[in-house]
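2 protein chains.
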Amino acid sequence: MESQTIQVDHCAVRKEKPKSDQLDFGRIFTDHMFIMDYSDDLGWHDPRIEPYQQLSIDPSAMVFHYGQSVFEGMKAYLTAEDEIQLFRPEKNMQRLNNSNDRLCIPPIDEKFAIQAIKKLVSVDSDWIPEAEGTSLYIRPFIISTEPYIGVAPSLHYKFIVILSPVGAYYKEGINPIKIAVENEFVRTVKGGTGEAKTGGNYAASLKAQEIAGKKGFAQVLWLDGVEKKYIEEVGSMNIFFKINGEVITPELNGSILEGVTRNSVIQLLKYWDVPVVERKIGMEELQQAHHDGLLEEAFGAGTAAVISPISQFTWNNNDSLIKDGKTGAIAKRLYDTLTGIQYGREKDPFDWIVKVEKGSKIAH
Amino acid sequence: MESQTIQVDHCAVRKEKPKSDQLDFGRIFTDHMFIMDYSDDLGWHDPRIEPYQQLSIDPSAMVFHYGQSVFEGMKAYLTAEDEIQLFRPEKNMQRLNNSNDRLCIPPIDEKFAIQAIKKLVSVDSDWIPEAEGTSLYIRPFIISTEPYIGVAPSLHYKFIVILSPVGAYYKEGINPIKIAVENEFVRTVKGGTGEAKTGGNYAASLKAQEIAGKKGFAQVLWLDGVEKKYIEEVGSMNIFFKINGEVITPELNGSILEGVTRNSVIQLLKYWDVPVVERKIGMEELQQAHHDGLLEEAFGAGTAAVISPISQFTWNNNDSLIKDGKTGAIAKRLYDTLTGIQYGREKDPFDWIVKVEKGSKIAH
Ligand SMILES: Cc1ncc(COP(=O)(O)O)c(C=O)c1O
Ligand SMILES: Cc1ncc(COP(=O)(O)O)c(C=O)c1O
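These protein sequence lines map, in sequence, to chains H and U.
Numbered by the UniProt record's numbering, the letters in the first sequence go through residues 1 to 364 in order.
Numbered by the UniProt record's numbering, the letters in the second sequence go through residues 1 to 364 in order.
Keep in mind the hints are simulated off the structure, nothing from the lab.
Quick caveat, the model's predicted, so the values are computed rather than measured.
Be aware that one or more of the hints could be misleading.
Which copy? The list can't say, so a pair holds if one copy fits it or any two copies do.
Below, in silico cross-link-like pairs of lysine to aspartate or glutamate (EDC-like), each with a Cα-Cα straight-line distance of 16 Å or less [as the list claims (entries may be wrong)]:
| id | residue 1 | residue 2 |
| --- | --- | --- |
| 1 | Lys118 | Glu83 |
| 2 | Lys207 | Asp101 |
| 3 | Lys215 | Asp348 |
| 4 | Lys111 | Glu50 |
| 5 | Lys111 | Glu130 |
Turn these sequences into a full structure, and let the hints guide you.
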């Protein structure tokens, strides 16, 4: 597989690029995309970079009916020295294969997939925005394309990578959010697909998000689907609490997605000798810690926002303001260090960064 | 909406039709499909019948990433008098709207959707196979098509109906199946999307099905996601047990799909004065009933197989043969009556049948 060469078909006309300060999230896509096909007889084959274009897919394709799909989310960052950096792409490709396994999708060659992503980013490297906090969002995904409406793993797939220049998540500095603890709906449950990054988990989350959004909450805090007691995740982020000097994050239990940011946060805290523990934590305990004045910080962690401080949580109509609603010191330090490493401003003690070559402008 | 006219664009060349005895399930599609678009500004608009063809969809369309999709499954039957019959289509369209609600998809006009389905079936009426037990499978589905990779309800959708001639489910008479009780994986959970017919539930079910299939089981028996004690469904069917003269089916609890066949079975049993009850039923109770010789029948109920007798269940490596592995009297009577009504051989005391006019061959 690694020896397969990636054909590049450059687009004839390049699109106009958006201004760095006018960037939204996920609405603008670059000039090219990567595609590779799978069939049961040929395996993964025909890897290629093509002009970004509409897909032609049969209406009976399984992805439209039975949701057999997985995806990843990562970013390419431009440093002040005009170098392109990826952040731990091997973790994303590992997770993609874990998701594949849960969804009965054939595994991809992780090394080759990183090569393909690097090549695509290189071809569209002049799309990486330069302004502070902006980046090029990378969306690898796999969809089941066999034209067959029967409930069974598909025999055909497409692995696709698209790129989208995205704006700074925080326009005026890191900004704490209010969250609502969700008591009715659940995102997923042990034995379900929560550990996998698959569409159904996100489809299941829309309703609670919509209801909470109308009440003015930025995100929903998901509880476990079994007892509705234990904290799982916040929106599409993992969650951390600092209680009485110790940082706590829910342990991986089969229904929580293992975030790359979560893993990096834990490593950094250990490196700094800040006590950090992965364990079950219930809403009762959190409420009690807050009541006792021991809840010092709460924050979400994920690729999009990196670190998202939480100023308030609302459970059963009780609002709990965390400290004075300001960003805590640990959240701030993690945000600065992680973005520092990502944008090449800080040293990278864990070898997290993977460099990408700029595509030669002449080739286009 | 109901006043919208459905444009019909007939295909230039009609495909060759398969022989009635060579029909598989869900691999062959007819000459036409119905499509209608939704946008936040226009609502559902532009209903049309087009030649069956590939869809052109942006790679960033939400359905590929966040699984926001719903579907239905129903059939058109040909009677001995060459009449076309649908079975309770209003129930399917109601359920589609319930699914829409859970998935934050805008509702469709149910009456108009039935009209559209009738028109499509009429246009492709010569695709309805004639052989005993065959039918035309109807697959209405809705996919989210907004080109935006953010987790939020889509602003664009397509409602599509495709048709597939399908063979007799039982080639040599109704055939009992062996099922495996699933202890590890769950299909869904209370607070999740189990009540909705959405792709993610089916994606989540593939892994357990695959493992059970390799061990020679036809279907998986799903337990509740909370306690893993109570029986929910079998594969893509609702389940019924006859214990000591009474028919029992798991009550609708928020994670079970309400089947049209399930509803019809309950109505028929009541009409026949056979005791029937919807209630929680656990595996312990089932095993005990079997042990005591009181488990008289078990069967699944769904559109595809109508009634699927269960000859054996395996739980924690214990095989329990139900009676002598033969089809029970109630299962047989239900199968004969339901298919009798569907194919117009029996009278229809509940007004379940909706007739469809044959498309005039001249018009093509
Ligand atoms: C459900 C969920 N949890 C957690 C995360 C955080 O993961 P990561 O840090 O890899 O972005 C994400 C986002 O990717 C997510 O979708
Ligand atoms: C999960 C599930 N349960 C039950 C059913 C049975 O429903 P119906 O009788 O409407 O076909 C189906 C099939 O449609 C299903 O997918």
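Outcome of the hint check:
1. Lys118 x Glu83: Cα proximity of Lys118 and Glu83: one copy only (13 Å, versus 60 Å across).
2. Lys207 x Asp101: This pair counts as between: shortest inter-copy Cα distance 8 Å, intra-copy 27 Å.
3. Lys215 x Asp348: Neither: 41 Å inside a copy, 49 Å across copies.
4. Lys111 x Glu50: neither (20 Å within a copy, 43 Å between copies)
5. Lys111 x Glu130: Neither: 28 Å inside a chain and 53 Å across chains, both beyond 16 Å.
When the structure is compared with the earlier hints, violations turn up for hints 3, 4, 5 and for no others.
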